Structures are given as C-alpha cells and as structure tokens.
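Undergrad: Line by line, the protein sequences are chains P and A.
Here the first sequence is numbered in my numbering, starting from 1 and rising by one per residue.
Here the second sequence is numbered in my numbering, starting from 1 and rising by one per residue.
Simulated from the structure, these hints should not be mistaken for laboratory data.
These numbers were taken from a predicted model, which means no experiment stands behind them.
Watch out, some of these pointers could steer you wrong.
If the Cβ cut is set under 8 Å, some of the chain A residues that face chain P in the computed set are [to be verified]:
no. : residue
1   : Ile22
2   : Asn25
3   : Gly31
4   : Gly49
5   : Gly77
6   : Val78
7   : Leu81
8   : Asp87
9   : Glu90
Glycine included, every Cβ here is placed at the ideal spot set by N, Cα and C.
Letter by letter, the chains look like this.
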Amino acid sequence: MSEIRVDCIGETCPIPLVETRKALRKAEEGDIVEVIGTHPSSKKEIPMAVRALGLELMDIQEKDGVWKIRIRK
Amino acid sequence: MADKATLVVHSGDMDKVYSALIIANGALAMGMEVSLFFTFWGLQRLKKGGLESGPLSRMNMLGLGKWMVKRKMKKAGVASLEKLLQDFKELGGKILACDMTMEIMGIEKEDLRDDLISDYCAVGTYISEARESRVTLFI
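Looking at chain A on its own, in the form it has when it is part of the complex:
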C-alpha cells in the first residue's frame, strides 16, 4: 500500500471544496502523494472562473450566507481556494477530470482549466489509484 491519498471531489459546494483542498494539501505537506478526482458538481469548479463560484452547502441563503462566511474566513486569514489549488500543484498533486461528467454536462476541454488537469479519465483510473491508497475520501 502506497503512502498516497485519493479523493473524489463530487461536491461543488464552496465549503466542501475547501475541505478537499485543505486535506489534499495537508497530505502533500506531510509527504504523501495525492490525486483529486473531480466529478459531477466538483468538476464545475475546474471550469474557467468557476473555482470560487460554488454555494455554501448549508445556509447559503441565496449567497448571503456564503458572503458572511467568506468575510469571516478573510478575517481569520484563511487562504483562497485559488491559492490552495496553486499550492496543491506546486507540491506535486495530481488532478483528474471525469470525462463522463464532461459528456453529460456538455463540458468541453476548452471550458476547463486544462493546465491544471493531469488526465481526463473514468472510474477505472480512479480505482487503480484508490486501490493503492491508504487514504480515500469521497467529498
């Protein structure tokens, strides 16, 4: 079993994308390999301009809740999702994009931030990475 973490990022909710990227960066910082498999609503966040656009998973209140949480996060010095994503790449993290989601949601490669994506793939790739990972999470 490799010292590796494989996370499915299924949710596109802002708070859950935060959880995924914080865990992923923590694992990289502690010397693990990490793959993030973006699918369904999660994949929407890899669209150009889409990273910060997810709602809050609870109490979004048409964006008012999100605005309040973001304000508190800024005050607490929490990094932006963009910084976490750049750090993730700098520390050698791998991003996989689900091609089935692309097909059913009509997303083209040009719509996505292709420079961040290591591979376009399906469940077989996820399982071959997950089966050799000590840590697997579905977010």
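If we strip away everything but chain P, and leave its shape as in the complex, we get:
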C-alpha cells in the first residue's frame, strides 16, 4: 500500500478533477490518493467523483485557501 500525492495548487477546472482521476486509475486497491488544490469548486466536486466511483472519501481539510482531500481506492 502506498500513498500518492497530487498537487493541483493554482490549477483550475477541470484539471484537479482530471488529475485526481488519473492518479486513482494508476493506484492499486488500498492505496491512498491525497490531492491538494486551491480551485474552490473542485473541493466540492472531487468528493462527488469519489462517490460516483464508489471509493472511500477519508478526509477533507482546508487551511488558508488550500484544501486537502484524502481518498482510499
């Protein structure tokens, strides 16, 4: 099991969503994908994608305009 970090700081629609999906496709089952970013809508929409894909949303945090979303495949 490994942890994959995706840095989407400064990226806008649709890149955070797309980069999250790319990382999740490459991840093995049980791996954790951690995405960080600043695009406001992606903070809501990445969790929507996680639910649609049937994966586990572990945690969402935000500090100083930077959010962090952790997903388990």
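Given the structure of chain P, go ahead and fit chain A onto it with the hints provided.
TA: Below, chain A alone, put in the same frame as chain P:
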C-alpha cells in the same frame, strides 16, 4: 442506459472546443464513458496543427479577441486544448471522425491526427452510441 456521454463537436470555435473537452474530461473523471464525434468545423481541429487554431465564437475581432482571451486563460491557469485532449485519451475517451465531412472538405486521413482517432464513421455509429448514452450534447 449506460453511464455514458456522447458529444457531437460540430463547432471549431476555440471556446466551444474548450467546452466540449472540459465536459468530456469531467465525465471521464467522474467515471463515465465518453465518445466525441467530430464533424464539420469541429473536425478541422483534428487536423495536424489545427487544435488551437479555431477563432473565438464571438468578438474574435480578427484574432485580437482570441489573443486577449487566451492571455486571460493563461493567467487563470487554464489548461491548453492539447493537454485536455491528451488527458481525454489517457482517461480512455474515444474520438470518432465523420467520414462525410472528410469527403466534402477534401480531408485525407494523412491530414488528421490519426493516432488520436478510434474510428472513421458516420451517423449510424453516432446514433448507436448516443441511444445508449445518458448524456448527449451538440456543441
């Protein structure tokens, strides 16, 4: 009904090609299958070197408007059409090219970015994909 989106990319305008590729990538990212059917002016964008060459659909002003919008997009960190297209392929999206457009516009396979195109086809293929898609759009 399959969890699938089928989009007709009829326009070759830069902003509309952006809309098509953003929606398509969003759908793939959220776990849907996606087919893009490129026809008429849209197909011009699949010519070698043609992807970024479309005008703005409004206020193009002989390219000045496009230049200004592109500058703003760059500042906002918007991805290039080329990156969106590469991501689309990497996430398993399918590109269909309209062979009737090729015939009437005198476009040969060698003129197009053949490596990106899954199939050369006509309306029958579009309908057989669209009839089993939850989302269909004409852009």
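Undergrad: Each of the hints needs a verdict: does it hold here or not?
TA: Consistency of the hints with the structure:
1. Ile22: holds, 5 Å
2. Asn25: holds, 5 Å
3. Gly31: Hint on Gly31(A): holds, closest Cβ of chain P at ~5 Å, below 8 Å.
4. Gly49: Since chain P brings no Cβ nearer than about 24 Å to Gly49(A), farther than 8 Å, the hint is violated.
5. Gly77: Holds, because the Cβ-Cβ distance from Gly77(A) to chain P comes to roughly 5 Å (cut-off 8 Å).
6. Val78: Result: holds, 6 Å to nearest chain P Cβ.
7. Leu81: Result: violated, 12 Å to nearest chain P Cβ.
8. Asp87: Holds: closest Cβ of chain P sits about 5 Å from Asp87(A), inside 8 Å.
9. Glu90: holds, 6 Å
In this structure, the hints that do not hold are numbers 4, 7, in rising order.
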